[in-house]
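> When you get a sec, could you build the whole thing from the sequences and use the hints?
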Amino acid sequence: MAVPAALLGGCANAPSTLSPRGPAAHQLATLWWVLFTTAAVVFVVVMGLMLYALFRRRSGQHAGGPTGIAGGTVGSRSYFVTVGGGLIPALILVGVMIYTVSVQNALSMPKEPALRVQLIGHQWWWEVRYSDEGVVTANEVHIPAGTPVLFELTSADVIHSFWPPQLQAKMDLLPGQTNTTWLTANQPGVYRAQCAEYCGLQHAHMGLMIVAESEQQYAAWIQTQRQDAPRPADPVLKQGEQVFFGSACVYCHTIRGTIATGKIGPDLTHIATRQTLGAGILPNNIGNLSGWIVNSQTIKPGNQMPPMYLNGNDLNALVAYLQSLK
Amino acid sequence: MTTTGQTIPRAWAAPTGLAGVLTSVDHKVIGKRYITTSFIFFLLGGIQAMVMRTQLAVPENTLVTPEVYNQLFTMHGTTMIFFFATPILFGFGNYLLPLMIGARDMAFPRLNALGYWIFLFAGVFIYSSYLVGMAPDGGWFNYVPLTTYVYSPALNIDFYALGLLFLGVSTAAGAINFIVTLFLLRAPRMSINRMPLFCWTILATSLYAKKCRESQPSADLTNSGALAIWRLVQREKRCVLLVAPQGDFLKSMRPSPRWALLTRIWFAARHGRRQQRAKHPPAGGSSDGCKAVALIEGQGFHLSWARNERC
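Heads up: the sequence lines are chains A and B, in that order.
With the working numbering applied, the first sequence covers 1 to 326.
With the working numbering applied, the second sequence covers 1001 to 1311.
Have a look at the derived ranges for each label pair, beta carbon to beta carbon:
| hint | chain 1 | residue 1 | chain 2 | residue 2 | range |
| --- | --- | --- | --- | --- | --- |
| 1 | A | Q275 | B | L1155 | 35 to 41 angstroms |
| 2 | A | T224 | B | Y1149 | 41 to 47 angstroms |
| 3 | B | V1132 | A | Q227 | 49 to 55 angstroms |
| 4 | A | S16 | B | A1187 | 56 to 62 angstroms |
| 5 | B | V1124 | A | K170 | 33 to 39 angstroms |
| 6 | B | V1132 | A | P283 | 35 to 41 angstroms |
| 7 | A | P188 | B | L1155 | 45 to 51 angstroms |
| 8 | B | V1021 | A | T298 | 52 to 58 angstroms |
| 9 | B | V1150 | A | S247 | 24 to 30 angstroms |
| 10 | B | A1204 | A | G146 | 51 to 57 angstroms |
| 11 | A | L93 | B | P1188 | 40 to 46 angstroms |
| 12 | B | E1060 | A | R56 | 50 to 56 angstroms |
| 13 | A | P283 | B | Y1149 | 35 to 41 angstroms |
| 14 | A | P306 | B | T1023 | 56 to 62 angstroms |
Hints are computed from structural coordinates only; laboratory data are not their basis.
By construction, the Cβ of each residue, glycine as well, lies at the ideal position given by its N, Cα and C atoms.
In structure tokens form, the structure reads like this:
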């Protein structure tokens, strides 16, 4: 069992439901293996019976005449068919159904959550709010490892779906409705989630990083996120800030503590603390951020950010400023 | 001089030539046409699937752009469900149903032909969207709000809506035809409970399909129209996929190697019931045809058209 599980375990960037990292996902993975094993056994038995039926020799008395069911007169061997073909499948299916329903039940009931996070789906990024803490960020969720976290999900435009394969099942984000799901990450680590409902051109590039960390690290992170953006001291950073305010950036983005209060795009107050850009598709570094700003359409064509053609000086300053927003 | 013996064959004879081909209302011809056309759509859908698979072979592949990929998977799904699975079932139904129940043809032969031609033109119309690069791209399930005007302002969804509208007319025509034929044109003394299993599935599918089509809007492409199309699609999924007449096909045919035990238990139960009700002793006729009928009748499958062999 270990070898196929390892093969199906997936890589770090392509998480698999069969390498669960939380109790909900563990139950799901177990259910999967139970169903798979049951189906495999039934398959082998049925194929074996078929091969037997195909290749056995008929005894002479049955040759040349109309035969009833299973080689005998009607009713004589229906016991085998009734039990083997009716009773046993019924029992298997009822048993599997009871188990499945119990797993579904366990998955849907939020344990007493320590934390509530709101996810609002946009085309094609995730708005993350910790309403109890007054924190707004995007495309990255930090949670303390080992504690159940409640997610409240809704959408600002079309139907999306929140799917962290290693932690929970899928839950849709529906406009005009709030769905809830929960998850617990057993160990600290970074778990990638993915949008799982076709939502348009860049549905494939709508990822979310769930970072599970220790209580202290989480507390420190929340503390940082609560604060307004740090004011730049360095002249280059100041220049960058001016570029930000002077360009179209402020129409869409918010940097708390400044005049930028745009609501259309992700909150950039602490963008430098994020691991990825563009909703989980690029590592967050100077090069990628520059490329994204200049022409994100070449990276994620169809997304709602227009190209921003800045000269090299301004671009460098802007990127330096943004990377200082820790 | 026309004698009585020539009147009926002359009335039923198909016109010849190109006009004859195009205006044929014979259920066997229409059935074969449905099957052939569905299969061509199946191949088109398969080609789209192959392109999709090639695109997905490696991560971040650049074989097709996101726009084209979205059109591919939408059209693949639409084709397989609406232009292959449903019409080919109607094709088999058209061909086999009158034979199975001892009818001369379907109840409405011209409506039958109309249904086929509308199906063909609906398929051609929806595939013509590829020629303008505006194939439907909202998923074959066409969820709102993604496919509303706000998020899909281009012509793609319009092609989808109109194509399915036409196809819906075809399906409704076919469904009505099946229902009326099965209720009114069965051979004498074939009560409805003696109908072959396949006919039952056609009847059930047709009643369900007719119910689906009742809420189909007439060319209303606003938000509510998109919603109604979506509801239709959801019901269609249940019609085709859950009613699953294809499985009953297998049950009706029952080859002699005794495999598929899980299907056979179903048949065993029906066989027992039929034996009680039908009270047909296996016929003792001498010809091979009669022996075949006896064999099949003994298995519980009624073939009233084969009974013309005078067994």
